[in-house]
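Peer 1: Given next are the chains, with one letter for each unit.
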Amino acid sequence: MSPLTIIFLLPLLTALVLALIPRNFRFSIRGLALLAGLVSMLIAVHAFCKFDGQASPSGFRFEERHAWAPGAGISYHVGADGLNLGLILMGAVVLFAALCVSWRIHTREKEYYILLLLMGGGILGAFASLDLFFFYILHELALVPAFILIGVWGVGKDKNYAAYQITLYLSLGALLVLAGLLAVYLQMPGASRTFDIVELTRYFSAHPMQSGAEHWIFPLLLIGFGILVSLYPFHTWAPLGYGTAPTGAAMIHAGVLKKFGLYGLLRIALPLMPDEAQRWALIIAALGLGNVVLCGAVAMRQRELNMLLGNSSVAHVGFAFLGIASMSLIGFTGAVVVMVAHGFLAALNYALSGYLREELKTLDMDQMGGLLSRLPFIGTVMIMAMMAACGLPGFAGFFGETLVFFGSWHRSEVVTVLAIWGALIVAGVYMLRAIRSIWHGDKQWPGLSDVTNPWRRLPYGLLLAALLVFGCFPRLLTDNIKASVTPVARLMGEEIAGGGSVLKVYGLNSFSPRHPVEDNASGAAVPGGPHR
Amino acid sequence: MHEPLHWLILFLPLLAAMVITLFLQRYPRCSAALSVGAVLASFLLSVGVLAEFLDGRAPDIALTWLQVGSLQIQFGLHFDALSALMLLVVTGVGSVIHIYSVGYMRGDPHYARFFAEMSLFTFSMLGIVVSNNFFQMFVFWELVGLSSYLLIGFWYQRPSAADAAKKAFLTNRLGDVGFLIGIVLAWAVTGTLSFAGMKDQLLRDPTLFNTTATVVGLLIFCGAVGKSAQFPLHVWLPDAMEGPTPVSALIHAATMVAAGVYMLCRVFFIFTHHDLLVIAWIGGITALLSALIAVQQDDIKRILAYSTLSQLGYMVMAVGFSAPPAAMFHLTTHAFFKALLFLGAGSVIHALSQEQNIWQMGRLRSKMPLTYWTFLAGTLALCGLWPLSGAFSKDAILAAAWEHNKALFALGELVAFLTTFYMFRLFFVVFLGKPKSDLVGHAHESPRIMTYPLVFLAAASVVGGFMGITQFITPQFSPASARLPIFAPLEPFETSPVAALLGLAAIAIGFVAAYVYYAGAESDPLPGKMKEVCNVLRHKFYFDEFYAGLVDVCQDKPARAINLCDIGLKLLVRLTHGTAEWTGRVLRLVQTGNLQTYTLLLAAGAALVLYFMLTR
Numbered sequence: 001m002s003p004l005t006i007i008f009l010l011p012l013l014t015a016l017v018l019a020l021i022p023r024n025f026r027f028s029i030r031g032l033a034l035l036a037g038l039v040s041m042l043i044a045v046h047a048f049c050k051f052d053g054q055a056s057p058s059g060f061r062f063e064e065r066h067a068w069a070p071g072a073g074i075s076y077h078v079g080a081d082g083l084n085l086g087l088i089l090m091g092a093v094v095l096f097a098a099l100c101v102s103w104r105i106h107t108r109e110k111e112y113y114i115l116l117l118l119m120g121g122g123i124l125g126a127f128a129s130l131d132l133f134f135f136y137i138l139h140e141l142a143l144v145p146a147f148i149l150i151g152v153w154g155v156g157k158d159k160n161y162a163a164y165q166i167t168l169y170l171s172l173g174a175l176l177v178l179a180g181l182l183a184v185y186l187q188m189p190g191a192s193r194t195f196d197i198v199e200l201t202r203y204f205s206a207h208p209m210q211s212g213a214e215h216w217i218f219p220l221l222l223i224g225f226g227i228l229v230s231l232y233p234f235h236t237w238a239p240l241g242y243g244t245a246p247t248g249a250a251m252i253h254a255g256v257l258k259k260f261g262l263y264g265l266l267r268i269a270l271p272l273m274p275d276e277a278q279r280w281a282l283i284i285a286a287l288g289l290g291n292v293v294l295c296g297a298v299a300m301r302q303r304e305l306n307m308l309l310g311n312s313s314v315a316h317v318g319f320a321f322l323g324i325a326s327m328s329l330i331g332f333t334g335a336v337v338v339m340v341a342h343g344f345l346a347a348l349n350y351a352l353s354g355y356l357r358e359e360l361k362t363l364d365m366d367q368m369g370g371l372l373s374r375l376p377f378i379g380t381v382m383i384m385a386m387m388a389a390c391g392l393p394g395f396a397g398f399f400g401e402t403l404v405f406f407g408s409w410h411r412s413e414v415v416t417v418l419a420i421w422g423a424l425i426v427a428g429v430y431m432l433r434a435i436r437s438i439w440h441g442d443k444q445w446p447g448l449s450d451v452t453n454p455w456r457r458l459p460y461g462l463l464l465a466a467l468l469v470f471g472c473f474p475r476l477l478t479d480n481i482k483a484s485v486t487p488v489a490r491l492m493g494e495e496i497a498g499g500g501s502v503l504k505v506y507g508l509n510s511f512s513p514r515h516p517v518e519d520n521a522s523g524a525a526v527p528g529g530p531h532r
Numbered sequence: 001m002h003e004p005l006h007w008l009i010l011f012l013p014l015l016a017a018m019v020i021t022l023f024l025q026r027y028p029r030c031s032a033a034l035s036v037g038a039v040l041a042s043f044l045l046s047v048g049v050l051a052e053f054l055d056g057r058a059p060d061i062a063l064t065w066l067q068v069g070s071l072q073i074q075f076g077l078h079f080d081a082l083s084a085l086m087l088l089v090v091t092g093v094g095s096v097i098h099i100y101s102v103g104y105m106r107g108d109p110h111y112a113r114f115f116a117e118m119s120l121f122t123f124s125m126l127g128i129v130v131s132n133n134f135f136q137m138f139v140f141w142e143l144v145g146l147s148s149y150l151l152i153g154f155w156y157q158r159p160s161a162a163d164a165a166k167k168a169f170l171t172n173r174l175g176d177v178g179f180l181i182g183i184v185l186a187w188a189v190t191g192t193l194s195f196a197g198m199k200d201q202l203l204r205d206p207t208l209f210n211t212t213a214t215v216v217g218l219l220i221f222c223g224a225v226g227k228s229a230q231f232p233l234h235v236w237l238p239d240a241m242e243g244p245t246p247v248s249a250l251i252h253a254a255t256m257v258a259a260g261v262y263m264l265c266r267v268f269f270i271f272t273h274h275d276l277l278v279i280a281w282i283g284g285i286t287a288l289l290s291a292l293i294a295v296q297q298d299d300i301k302r303i304l305a306y307s308t309l310s311q312l313g314y315m316v317m318a319v320g321f322s323a324p325p326a327a328m329f330h331l332t333t334h335a336f337f338k339a340l341l342f343l344g345a346g347s348v349i350h351a352l353s354q355e356q357n358i359w360q361m362g363r364l365r366s367k368m369p370l371t372y373w374t375f376l377a378g379t380l381a382l383c384g385l386w387p388l389s390g391a392f393s394k395d396a397i398l399a400a401a402w403e404h405n406k407a408l409f410a411l412g413e414l415v416a417f418l419t420t421f422y423m424f425r426l427f428f429v430v431f432l433g434k435p436k437s438d439l440v441g442h443a444h445e446s447p448r449i450m451t452y453p454l455v456f457l458a459a460a461s462v463v464g465g466f467m468g469i470t471q472f473i474t475p476q477f478s479p480a481s482a483r484l485p486i487f488a489p490l491e492p493f494e495t496s497p498v499a500a501l502l503g504l505a506a507i508a509i510g511f512v513a514a515y516v517y518y519a520g521a522e523s524d525p526l527p528g529k530m531k532e533v534c535n536v537l538r539h540k541f542y543f544d545e546f547y548a549g550l551v552d553v554c555q556d557k558p559a560r561a562i563n564l565c566d567i568g569l570k571l572l573v574r575l576t577h578g579t580a581e582w583t584g585r586v587l588r589l590v591q592t593g594n595l596q597t598y599t600l601l602l603a604a605g606a607a608l609v610l611y612f613m614l615t616r
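Each protein sequence line maps, in turn, to chains A and B. Taking my numbering, I'd label the letters of the first sequence as residues 1 to 532. Taking my numbering, I'd label the letters of the second sequence as residues 1 to 616.
Rather than coming from a laboratory, the hints here were simulated on the basis of the structure. It is possible that some hints are incorrect.
Stretch-level coverage of chain A by chain B, calculated; a stretch enters the list once three of its residues show a Cβ under 8 Å from a Cβ in chain B [unchecked claim]:
| id | stretch |
| --- | --- |
| 1 | 318–331 |
| 2 | 388–394 |
| 3 | 423–435 |
Listed next, the in silico SDA-like pairs over lysine to any residue satisfying Cα-Cα at most 25 Å (straight line) [stated by the list, open to error]:
| id | chain 1 | residue 1 | chain 2 | residue 2 |
| --- | --- | --- | --- | --- |
| 4 | B | K570 | A | L34 |
| 5 | B | K540 | B | D524 |
| 6 | A | K157 | B | W582 |
| 7 | B | K557 | A | R301 |
| 8 | B | K199 | B | L185 |
| 9 | B | K167 | A | G394 |
| 10 | B | K570 | A | S373 |
| 11 | A | K110 | A | L34 |
| 12 | A | K157 | B | R158 |
| 13 | A | K443 | B | A410 |
| 14 | A | K157 | B | R302 |
| 15 | B | K570 | A | R303 |
| 16 | B | K167 | A | S373 |
| 17 | B | K540 | B | L63 |
| 18 | A | K159 | B | G584 |
| 19 | B | K167 | B | V551 |
| 20 | A | K159 | B | E581 |
| 21 | B | K557 | B | L174 |
| 22 | B | K199 | B | L63 |
| 23 | A | K443 | B | S160 |
All values reported here derive from a predicted model rather than from experimental measurement. All C-beta atoms, glycine included, are put in the ideal place defined by N, C-alpha and C.
Start from the sequences, fold in the hints, and give me the full structure.
Peer 2: Right, here's the structure in full:
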């Protein structure tokens with residue numbers, strides 16, 4: 001059995017088992033949930049260390065495939081390449097950390113852990129799936145618990161509105177994606193129709209979609225996935241939803257679930273419709289800039305910590321969009337690094353703000369100040385996390401963002417300059433102001449307690465360590481990622497030497513690029529314009 | 001030396017910082033010992049590198065940090081005359097200041113954190129020095145900014161320190177934006193990030209950058225403007241004096257702020273003559289502005305901070321005159337005497353229970369003789385009195401100015417006069433005259449662990465001119481130049497007598513002026529004589545007020561507008577929600593559960609259908 005199957009099935013099955021345990025066995029419920037998260041994470045770490053894209057003929061490692069509904073072309077198919085491997089690792093770590101920090105939940109513990117496990121397992125499964133059916137269904141499975149988690153365990157007077165808003169918004173996004181995916185499916189000739197992503201990609205790279213269809217399929221997928229990732233201007237659900245969600249749910253939602261849309265764009269929309277993607281590149285870049293600069297400016301105005309973190313999180317996914325919009329190997333690689341790094345970072349930030357919310361009973365930054373002397377551990381970790389959020393080297397996000405800058409320069413200098421401004425100045429301003437008003441100053445706080453128990457420190461340490469490890473040794477991520485996004489970048493007309501056997505996946509070994517190779521000058525002159 | 005030893009130069013301080021943070025928070029003595037040990041070991045290893053370099057065996061080490069497509073990023077150690085000199089300055093002066101801090105910070109509740117952050121700074125600074133490519137330099141550039149932020153805000157409970165830290169970080173970031181854009185642009189044109197690779201390409205094809213040549217240079221220079229606190233981004237450095245005094249000495253005088261100058265020398269090949277003209281003028285303006293402001297400051301550390309700005313202006317100006325060796329020479333001697341002056345000021349502040357206003361001091365000469373004599377040596381060296389070290393390095397810069405730009409030469413001489421004036425103002429008020437507060441009565445000389453570093457630095461400031469620094473560094477920038485004699489005490493007077501003699505005259509005038517106004521003064525006589533001018537100087541030319549307005553107009557107001565748009569967007573979403581709900585409520589009215597109503601509606605519907613069917 002593929003380790004990927006275990007990674008996502010274990011939390012799901014544990015959720016089922018928990019349903020059978022009486023609710024007063026509180027210790028066992030929490031213990032079992034933690035154990036499932038831990039094992040799932042350890043297997044993910046093991047798989048990450050063992051991964052070697054070159055070793056397998058298909059480029060996908062840990063592949064497993066069973067026919068499930070052959071008539072409809074649906075099969076159970078999982079596999080990992082550089083694109084989803086890091087996301088699966090990140091998701092498993094965040095799930096475990098989210099389970100760890102949930103020790104303060106005392107109402108309806110059983111249901112809480114069941115839902116959290118469903119959410120985590122579902123999204124891990126969606127990342128691992130190479131079949132559109134499971135890809136979509138497992139993501140839906142992860143979406144539903146968010147609604148209940150916010151509605152029941154949420155905090156704040158807006159929680160009901162937030163629960164409905166986030167669910168309706170995301171259902172709308174998912175619906176558009178569903179329509180787009182079905183349309184893609186129907187583009188294949190009747191006999192060979194399949195939901196298998198690998199086969200789909202192979203088919204469409206040999207038989208480009210008829211021009212009429214892709215004109216409306218791509219926007220459907222772009223907007224659908226965009227809503228799921230809070231692309232500007234469909235972002236307003238995110239800050240409020242995360243702000244009211246219970247800590248664990250916010251961590252998984254902001255950290256892991258949100259990456260699904262970006263993953264979908266890179267895995268499905270771009271490889272299947274490269275020409276259309278090029279046409280939309282400038283619009284994607286403009287909207288991504290909307291995230292980076294406009295949501296960053298909104299974050300500057302927030303006085304509530306969770307709203308600030310929410311807007312900051314929205315701003316950060318903008319870098320991933322800019323990376324995608326660059327339609328280049330460097331940009332794609334940067335986008336995936338941003339996705340992984342931001343997953344760890346958002347989860348860490350929400351874990352910390354959740355702790356503050358429990359201790360202070362408020363997240364109003366005007367009432368805070370001087371907390372560092374009282375909460376040295378939480379404070380130090382959060383200052384580091386906030387520094388990571390304003391793109392400090394040493395943390396994983398830095399490499400992601402700089403790769404995006406390098407990648408998008410040839411597309412558009414203006415976009416790159418604005419993105420650099422957003423990363424260095426806008427993010428710097430709101431994060432430093434937040435550090436100043438929360439942690440620095442001379443206000444006294446009797447009666448607060450810091451996290452001193454090493455076990456309680458574990459989740460924070462784990463997420464921080466992940467940020468630092470990938471920030472100091474980015475090749476752990478980029479070497480795998482670049483191998484997997486090279487074929488996509490080739491489809492965009494980029495000439496890339498080497499690449500290894502991964503290309504076989506997309507059937508490109510015997511396939512010459514459809515675009516004449518362009519020089520950089522003309523590429524920069526018509527950013528995102530039609531390329532033929 | 002074996003290769004791992006070279007890596008240790010860089011990573012020993014980082015290791016110390018990590019070990020202290022993770023394990024030694026509660027063991028102040030251990031952490032101090034570890035931090036001092038790390039920087040001392042780095043110093044000894046740097047001496048080893050120097051020996052290797054003189055033998056011509058210095059290695060170039062590079063690992064691939066990241067490689068994606070055409071972007072290749074290395075992590076390397078590059079040793080040449082420039083980096084060897086800078087390594088020695090950073091670790092040498094750093095060691096002295098670390099030892100001094102052991103005494104100065106004694107009793108602070110966060111003693112261990114202080115040394116962890118100092119070690120982190122040493123690591124980041126050494127990273128800049130040994131970088132062999134732009135990207136690595138930028139990484140450490142940012143890390144240096146971080147450690148500076150942490151150390152300025154070391155006493156974060158003080159609102160002023162916390163604000164100063166934030167200001168320093170963000171102002172530096174402004175420069176970094178330009179720096180990063182410049183790096184990306186340079187990479188996009190040349191396809192490489194390594195200094196050597198880029199230099200080779202430029203040598204082969206000087207028109208490589210085409211129309212962007214000047215722009216690239218200016219963008220890269222932005223980084224130096226931020227880090228070295230040049231006009232117009234100079235405002236953060238005086239505020240940075242909120243940090244502990246050893247931090248001001250190490251970071252905001254001797255090393256970090258000099259990183260900008262070091263970087264300019266490192267990438268000197270990239271600048272066109274237009275760039276160099278801009279660089280020279282920015283340096284000159286900074287030197288003059290800050291020397292003027294220094295004349296009317298009352299805080300002992302702020303006077304020294306403005307003096308640092310002014311001297312950094314000299315160094316940047318020297319780069320603008322295509323004289324990187326003179327810049328590096330002045331950087332080195334300045335590191336000695338400015339560190340000495342700051343540590344001396346720290347000794348005074350320590351003795352007067354943290355009092356920093358010079359008008360609360362006076363007659364410390366008899367109370368603190370060692371501090372007095374070493375401070376005098378530092379002051380004279382800073383003013384550039386022959387044969388102390390400052391005379392040689394400053395004359396090298398003024399001589400270059402004489403050759404290139406007479407206007408800037410005059411400006412440089414004016415700054416030399418102002419330097420002597422404000423330094424002796426400080427010196428007379430603090431060490432001579434009458435005691436101006438009761439604090440002076442309780443003052444006593446600092447402990448030996450603090451005075452020995454003073455003596456050591458004073459010795460270096462005195463003989464620094466004879467160490468052969470120019471002779472060591474010049475061949476890297478002009479390989480064809482004749483070999484200079486190592487010991488040449490009269491060299492300034494021979495090569496450029498005008499500059500040297502005018503320099504001496506400026507010192508003499510400055511000294512006399514300071515003596516007339518401040519020897520025995522109880523309070524500052526200048527504001528009485530030139531009220532308007534002094535007011536402007538005391539308000540530092542109103543830069544802070546101007547920038548506060550600028551930030552409000554360019555950042556906070558737009559942010560407010562964007563936030564309003566965002567709220568509008570949210571209201572729009574609520575409107576959809578409201579419409580759906582309202583429609584539901586209206587339709588619900590129909591569902592009364594009353595059979596008669598349903599029958600009535602059924603009949604009405606049937607009538608309607610019949611009407612349409614029959615009238616068509």
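Peer 1: Now tell me if each hint is right for this structure.
Peer 2: Hints, one by one, checked against the model:
1. Figure legend: the stretch 318–331 of chain A, annotated as covered by chain B; annotation consistent (3 residues with Cβ-Cβ distances under 8 Å, at least 3 required).
2. With 3 residues carrying a beta carbon less than 8 Å from a beta carbon of chain B, the stretch 388–394 of chain A meets the three-residue requirement, and the given coverage holds.
3. Counting residues of the stretch 423–435 of chain A whose CB lies closer than 8 Å to any CB of chain B gives 7, so the stated coverage by that chain holds, three being the minimum.
4. At roughly 37 Å between alpha-carbon atoms, K570 (chain B) and L34 (chain A) are farther apart than 25 Å, so this suggested pair is violated.
5. Distance hint between K540 (chain B) and D524 (chain B) is fulfilled; the C-alpha atoms sit about 17 Å from each other, no more than 25 Å.
6. Our distance criterion of 25 Å between C-alpha atoms is met by K157 (chain A) and W582 (chain B), whose separation comes to about 21 Å.
7. For the hint linking K557 (chain B) to R301 (chain A), the alpha-carbon distance of about 10 Å falls within 25 Å, and the restraint holds.
8. Annotation: proposed proximity of K199 (chain B) to L185 (chain B) holds, straight-line Cα distance about 15 Å (limit 25 Å).
9. Taking the CA atoms of K167 (chain B) and G394 (chain A), the gap is about 22 Å. The hint holds against a cut of 25 Å.
10. For the suggested pair K570 (chain B) and S373 (chain A), the alpha carbons sit about 38 Å apart, so the restraint of at most 25 Å is broken.
11. Straight-line distance between C-alpha atoms of K110 (chain A) and L34 (chain A) comes to about 13 Å, which keeps the hinted pair within the 25 Å bound.
12. A hinted pair counts as satisfied when its Cα atoms are at most 25 Å apart, and K157 (chain A) with R158 (chain B) does not qualify at roughly 35 Å.
13. The suggested pairing of K443 (chain A) with A410 (chain B) is violated, with an alpha-carbon distance near 51 Å, which exceeds 25 Å.
14. This hinted pair does not check out: K157 (chain A) and R302 (chain B) have alpha carbons roughly 50 Å apart, beyond 25 Å.
15. Of the supplied pair hints, the one linking K570 (chain B) and R303 (chain A) holds, its CA atoms being roughly 17 Å apart against a limit of 25 Å.
16. Between the alpha carbons of K167 (chain B) and S373 (chain A) the distance comes to roughly 21 Å, so the proposed pair stays at or under 25 Å and holds.
17. For the hint pairing K540 (chain B) with L63 (chain B), the CA-to-CA distance comes to about 46 Å; that exceeds 25 Å, so the pair is violated.
18. The straight-line distance between the Cα atoms of K159 (chain A) and G584 (chain B) is roughly 22 Å, inside the 25 Å bound, and the hint therefore holds.
19. For the suggested pair K167 (chain B) and V551 (chain B), the alpha carbons sit about 12 Å apart, so the restraint of at most 25 Å is met.
20. Under the criterion of a C-alpha separation no larger than 25 Å, the hint pairing K159 (chain A) with E581 (chain B) is consistent with the structure, at around 18 Å.
21. The hinted pair formed by K557 (chain B) and L174 (chain B) meets the criterion: a straight-line CA distance of about 19 Å does not exceed 25 Å.
22. At roughly 20 Å between alpha-carbon atoms, K199 (chain B) and L63 (chain B) fall within 25 Å of each other, so this suggested pair holds.
23. Straight-line distance between C-alpha atoms of K443 (chain A) and S160 (chain B) comes to about 14 Å, which keeps the hinted pair within the 25 Å bound.
The structure fails to meet hints 4, 10, 12, 13, 14 and 17 from the earlier list, while all remaining hints are met.
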